[in-house]
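Undergrad: Listed below, chain by chain, are the residues.
2 protein chains.
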Amino acid sequence: MPRPTGPPIGLTLARTAKSVSRAFDDALAAAGGSLPVWLIMISLKTRSLGNQRELADAIGIRGATLTHHLNAMEADGLVTRQRDPANRRIHQVALTQRGETLFGRLAAAATEHDRRLHADLSKEDIATLERLLHRLQSNVGSEVPEATAGSDA
Amino acid sequence: MPRPTGPPIGLTLARTAKSVSRAFDDALAAAGGSLPVWLIMISLKTRSLGNQRELADAIGIRGATLTHHLNAMEADGLVTRQRDPANRRIHQVALTQRGETLFGRLAAAATEHDRRLHADLSKEDIATLERLLHRLQSNVGSEVPEATAGSDA
DNA sequence: TATTGTTATACTCTATAACTATA
DNA sequence: TATAGTTATAGAGTATAACAATA
Chain A
2 MPRPTGPPIG
12 LTLARTAKSV
22 SRAFDDALAA
32 AGGSLPVWLI
42 MISLKTRSLG
52 NQRELADAIG
62 IRGATLTHHL
72 NAMEADGLVT
82 RQRDPANRRI
92 HQVALTQRGE
102 TLFGRLAAAA
112 TEHDRRLHAD
122 LSKEDIATLE
132 RLLHRLQSNV
142 GSEVPEATAG
152 SDA
Chain B
2 MPRPTGPPIG
12 LTLARTAKSV
22 SRAFDDALAA
32 AGGSLPVWLI
42 MISLKTRSLG
52 NQRELADAIG
62 IRGATLTHHL
72 NAMEADGLVT
82 RQRDPANRRI
92 HQVALTQRGE
102 TLFGRLAAAA
112 TEHDRRLHAD
122 LSKEDIATLE
132 RLLHRLQSNV
142 GSEVPEATAG
152 SDA
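So the sequence lines, in the order shown, correspond to chains A and B.
The first sequence: position 123 = 124 (the numbering used here), numbered continuously.
The second sequence: position 94 = 95 (the numbering used here), numbered continuously.
A couple of the hints might just be wrong.
[Said to hold, decoys possible] Example chain A residues on the side facing chain B (calculated, C-beta under 10 Å, incomplete):
#: 1; residue: Ala18
#: 2; residue: Leu56
#: 3; residue: Asn72
#: 4; residue: Ala76
#: 5; residue: Leu133
Because the hints were derived from the structure by calculation, they are not lab data.
Don't be surprised by glycine CBs; every beta carbon is placed ideally from N, CA and C.
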């Protein structure tokens, strides 16, 4: 029983993801950020999340890991954490002006990365790719993250 | 100028890759391995690589990082390193019997992961996805890794 | 007691720089 | 000198477990 197929799609995806993620990391680093910082910021900007647990879930990390990043971001003056008066267990995370500025730079870097990524791909190609990626994601049993439709980069 | 598009494909790819890679990592870990170990083994099995530098390049890591992994793999009895008599600077890396056994287990885990990933996708879907992923990879300027066609999982 | 988040600690993967061995 | 690889060290991202604060 011959197998006309190439390497397993998981391996191709892993390799592609590694290359593309690394390029994205480099682009974000050049703009003064990193992938976790970018994911945290874009989640803060485009989703309504009640607490840090939800924020961590949206990004796919644990609460303690999020605290780790928020500590660094707060030390860098990018975010503030204030207790919610209505429920003082909850820390409300907000971007500072400096955080907003960095967000703008990272958004530009992400847009440029995306432009590069699109290159020779048609709109249909992108739509197809998006659809297939979402299906892969649901196939591994993860929740498909709420699409951040309309958000820039 | 409205933007009817959803989130940038780079973000979708990053999130999908994270979910899928994590699921793959978990599957490999359950089988007693890890992604780097798997990539090293499959490269040893399916490519003809002259030295460790080429092996590192094939995987997308630096030589020192490869040494780090090979040290651990050698300590675990998975590989041997022997100097090439013709050029004693070169270390020939080979899987031990135990390495072969683990390779078999990891291949099975990878195949199962792939089966899960395919789920509701047709052959055409997979071919399309593969084509698009390769184009993404070339769009970020990386060399498209030599396809390990015919290799299982 | 349950929920929210932090602190302490550690692991994995990766990298750069300095080094050894060989050619 | 140039090449192949290793050692030493460090940094980023992640995780678990124990803890403190609040409800």
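Undergrad: For each hint, tell me whether it holds in the structure or not.
TA: Verification of the supplied hints:
With its C-beta approaching chain B no nearer than about 3 Å, alanine 18 of chain A sits inside the 10 Å limit, and its interface hint holds. Given the 10 Å rule on beta carbons, the hint for leucine 56 of chain A is violated: about 15 Å separates it from the nearest Cβ of chain B. Checking asparagine 72 of chain A against chain B by beta carbon gives a least distance of about 22 Å; that is not within 10 Å, so the hint is violated. Below 10 Å, beta-carbon pairs count as interface contacts, and alanine 76 of chain A has none with chain B, the closest being about 25 Å; its hint is therefore violated.
Hint status for leucine 133 of chain A: holds, given a least beta-carbon distance of 5 Å to chain B, under 10 Å.
In terms of the numbered hints stated before, the structure departs from hints 2, 3, 4, listed from lowest to highest.
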